[in-house]
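Asker: Let's have the full structure, built from the sequences with the hints guiding it.
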Amino acid sequence: MTASPNLMSNILTILIFLPLAGAFVLFFLPKENGRAIKHFTLLVTLVEFVLSVPVLLNFDGATAAMQFTQKVPWIPQFGIGYNVGVDGISLWLLMLTTFIMPIAILSTYAAVEKHVKEFMIFMLLLEVGMVGVFLAIDLFLFYIFWELVLIPMYFLIGVWGGERRIYAAVKFFIYTFVGSVLMLVAILALYFYNYKVTGVYTTELSALYNLNIPVKMQFWMFLAFGLAFAFKVPMFPFHTWLPDAHVEAPTAGSVILAAVLLKMGTYGFLRLAMPLFPVATFDLMPFVTGLAVIGIIYGALVAMVQKDIKKLVAYSSVSHLGFVMLGLFALNLQGIEGGILQMINHGISTGALFLGVGIIYERSHTRQISDFGGIAKIVPLFTLTFMLVTFSSIGLPGLNGFVGEFLIMLGAFKTSPIAVVFAASGVIFAAVYMLWMCQRVLFGKLTNAHKLHLTDMNFREIAYMAPLVLFIFWIGVYPDPFLRKMDATVNAYVQQIHAKHQSALAASPAGETLLARYFDVRK
Amino acid sequence: MVSALSNIHEYLWLILAFPLAGVVLNGIIALVAERPLLLPADGHGHDDHGGHGDAHGGHHETPAYRKLVAFIAPGMIFAAFVVAVLSVLQLTRMPAEARTVVQTLFPWIQAGGLSVSVALQLDPLSSVMILVVTGVGFLIHVYSVGYMSHEPAFARFFFYLNLFMFSMLTLVLGSSYLLMFVGWEGVGLCSYLLIGFWYEKDSASTAGKKAFVVNRVGDFGFLLAMFLVFWNFGTLNYTDVMAKIPSLQHSGILTTGLATAITLLMFVGATGKSAQIPLYVWLPDAMEGPTPVSALIHAATMVTAGVYMVARSNALFMLAPFTMGTVAVIGAATAIFAASMGICQKDIKRVLAYSTVSQLGYMFLACGVGAFGAGIFHLMTHAFFKALLFLGSGSVIHAMSGEQDMMKMGSLRKHTPITFWTMFIGTLAIAGIPGLAGFFSKDEILWRAFSSDHGSPFLWAVAAVAAGTTAFYMFRLIFLTFFGASRMDKEVEKHVHESPFSMTIPLMVLAALSICGGWLGIPAALGGSNYFEKWLEPIFEGGHKAAEAATEAIGHGAMAHHDPMEFILMGASVAVALFGIAIAYYLYMVRPEKPAKIAEGNPNLYRLVYNKYFVDELYEWLIIRRIVDWSIWLWQMFDVQFIDAIVNGVAKTVRSAGDETRKIQTGVVGNYAFSILLGAVFIVGYLIWR
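Chains as they are written, first to last, in the numbering used here: chain A, 8 to 530; chain B, 613 to 1302.
These are computed hints drawn from the structure, not numbers from a lab.
Possibly wrong hints are sitting among the right ones.
Unchecked claim - As a list, the in silico DSSO-like pairs of lysine-lysine whose alpha-carbon atoms are at most 30 Å apart:
1. K1146/B - K1157/B
2. K314/A - K813/B
3. K856/B - K421/A
4. K318/A - K813/B
5. K1020/B - K452/A
6. K813/B - K452/A
7. K318/A - K1264/B
8. K318/A - K124/A
9. K1146/B - K458/A
10. K1264/B - K314/A
To be verified - A few chain B positions that, by computed beta-carbon distances, are all more than 10 Å from chain A:
11. L651
12. V697
13. M706
14. G724
15. T818
16. N1216
In this text, all values refer to a predicted model and were calculated from it rather than measured experimentally.
Every residue, glycine too, gets a C-beta built ideally from N, C-alpha and C.
Answerer: What follows is the structure in structure tokens.
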């Protein structure tokens, strides 16, 4: 890959601001020509994707360091900098974002008719926020981008959503807002603590990682950050915004929400909560793991009894993200690599599931499972695609989902075998709810054909499903390139977090209970 | 001296590549050529008899794409069979201790200490499996061309069937537990797709789903077993695991407890895939699939995967006496339990389905008493005669225009002589008549169940009674179907015909194998050399050695091979089989009115057995219903009533605060950011000031 060095040294900044520039141009385009607006947005997201490919190709998998970094003082008196970089953890999330955006835009061609211009502006702003979150290595910058994502999503649901869109949008807002406030509090506390210890005001992550934060403070900060991220993931029992948001959101919104937005939560754990507060991470591991496992089973059980396909897929996300959290908190190489890979897999599979639901919804204007039945006969290509995605989602070996789930459970088995015994039962339930839904929607006697107006996938729909299918097979059959890019980063990450945990506890008396450690409660 | 054949093992991958090529080609044909033909005419499909136009296609010229499929699908399997034969032939020319060939293709999953490659392992055990799978698989493909000739979705069928062959060969050729698992779930997928092949039938799609889900329950055990193996052995490759057993035993890591945990979990997987108690319930329902599928997947190959897995892990199983006992008891119990359910079934395929469950029980019984070789031997002979019986029943159903109820058959012998004679041979073989394949393998199992260190006279007795029952229900099937007076519909009787050669030739080949297949393993007691057992010895000696190291026991069952007891038991088992046949003859030939009377005389017992002991209903009521109810409760009470009530309460409070909320919802970024900041500063200020 020969890219000009100048381009490469600014590449991350270009990636962050290209969609913003696109949104800016859109602002001046006449709103009447919806078609042109869609084409233009598609073009912007495609260029964005093409520009992100050199990052992947030039990314050095042998080093754990941040790459393509760029550092510009921004508000120097507060120590806040514009500070971006990419490592083996964020690389694939960046790629997922730039990859899924054009697909989401393509899916709106027939679905979004009103306020096309505003819709596309919000989509591009969303991309700015998402790319920024994954690339920011400055705490304040991260927070800005984190908040930036919230607003367009709120409007996507609230304006272009279904019947109960306002309720869903407000619910989404409340959860995320509470989380944001908690995180901001913790950020400020961390910021002032750092100043107290070092005498320097900074929000640079690499500096904050070096802090040796007292364990009691770690506990509260982990809780604040952790709650903000747990809302976003969402972890049980903070998941109830997700089904409503998904059901009401337009297809493209659901795709982005599932594929990327939820990953901001898991990524937040990985990038901030875990490495900043390792002692609390280790101590609260059983608790987080427990919630993750409950989420896996709870999400699966509740998904099983849903009547609305989209809601079913939404609850399945709760279950799948439970797996990701289980992997991350295994705190070993297999678990974390599996967790990262599963974030990508979930983005691809669940994104594809929502696209599939969108395809039949656009034609039939219903998502009720009971309205369908036997449609395999009239939409064979759709059936084939949907079944393939289904099997990817339930972790069939040879497809992408299995590799992630296997690594997660393998890793977690080392740290908490009991949790894995329960998590593995989620694998059974996944087969139940997905195949039962498929049976009721796709198979059986075709009863409702006149009302449904179904036609098979058209060229545009094939075009945006095909890349997803490609990766479903690729990651399933040959995940090696994906895993090798993570190795160095994750390896160093695991070692550091264990070392920091050890050194932080060096002073603690052996056999200290958690109550004593955090609340001064002695026997 | 380098000839082309001397390095055939470098082409081992072709055994997988040929079926895979078939998958791709048939898949493309199904999508491009066949799909448009199957769409309902007006695109909305209110006429759901869309397939009917094609159903009469037999009268027209066969479309070119169907000819192509009929050539590609069996052709690819034949090519795989040829490579398999050549590979195994070369293996026989190698010294016994060197008969393990591993071909690594590419790295699959590597993360930290985990390193699993896509690699194939040819050794005596997998060579038996690939020969059975490709050989019987090829015959069934040929048969399917005839059997499915009126099927509109012809290409789709062979797409699935080739995919099954690919998965099954991955299962048996993979060099690690993880690759076995890939094939394991892959065959489960194909089973799902093929059971539900006629997806418009609700019973078919339900049965497919049931098969997949029940198998997943088993896979749960398999997965956990793999985790235990990996974290204790540091590898999932067979050769590495086996090689590490002595040193891990020595270092005290591989205790009896660990071995028991691993093997019990593996066996949970095996009970799912191989339809043993308590996970056998999916197999009878699997008969919803086309009959060649029942023969290939649900009789000859896939369902034996559990036996293969246990045999593959024999060195671990031998270290876990408790697991061995469990395997033997479950095997024997399944053998007799399923046989008893076969007695009253009226559907010809269901009889064979229960028979399969029962015969699989024998194979596990063999493994459980340490006679892994005998288990694999029976796996092979069973593949021959049960594939034959299923294909024969398919030929009967074909002749009867789709009728499967034996009560509406009778006297078919005259109309379908080839089907009758080949099925009769198969029945003799499964009944254990001396000289035929089933006799040698079943008798070996019975003898070892009695004589092995792990065996007991009780296990022998159960298995012997099951053998008698088998002879009874199989002859009942033969008598009801082929003998006596015709009970056919007049309309059906007019069209009864023998099947075409593409179907009868596979029947004849399998009949020949059902006779001769057992001669590979004639026991020493009958003057044979038991070539089969010798061939597998390198695989199983490791297990015996490991077990000896653990218990320091001396001598095992094989030493007692010339016991006169062996002849006595052999005679007894033949007598039991003949007794079963005699009862069947009496009830269905001499006094055909008698069975109905017996059923009337014991209505409750009859209902209990006819309804398969109501196990399905019990599972439905005890497990499925509970889980669904509980899930609904969780969703309605916990999600909606509890958590959302809190969230909505918060929302309400905020909203009633009025202006502030409206500001938030204006979406003016400034206000919004400002309020966050203000709140946060306030809280932090409070914390610091405090």
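Asker: Now tell me, hint by hint, if it's right for this structure.
Answerer: So, going through the hints one by one against the coordinates:
{"no.": "1", "hint": "K1146/B - K1157/B", "verdict": "holds (16 Å)"}
{"no.": "2", "hint": "K314/A - K813/B", "verdict": "holds (22 Å)"}
{"no.": "3", "hint": "K856/B - K421/A", "verdict": "holds (20 Å)"}
{"no.": "4", "hint": "K318/A - K813/B", "verdict": "holds (27 Å)"}
{"no.": "5", "hint": "K1020/B - K452/A", "verdict": "holds (28 Å)"}
{"no.": "6", "hint": "K813/B - K452/A", "verdict": "holds (7 Å)"}
{"no.": "7", "hint": "K318/A - K1264/B", "verdict": "holds (24 Å)"}
{"no.": "8", "hint": "K318/A - K124/A", "verdict": "holds (28 Å)"}
{"no.": "9", "hint": "K1146/B - K458/A", "verdict": "violated (66 Å)"}
{"no.": "10", "hint": "K1264/B - K314/A", "verdict": "holds (28 Å)"}
{"no.": "11", "hint": "L651", "verdict": "violated (7 Å)"}
{"no.": "12", "hint": "V697", "verdict": "holds (27 Å)"}
{"no.": "13", "hint": "M706", "verdict": "holds (31 Å)"}
{"no.": "14", "hint": "G724", "verdict": "violated (4 Å)"}
{"no.": "15", "hint": "T818", "verdict": "violated (7 Å)"}
{"no.": "16", "hint": "N1216", "verdict": "holds (34 Å)"}
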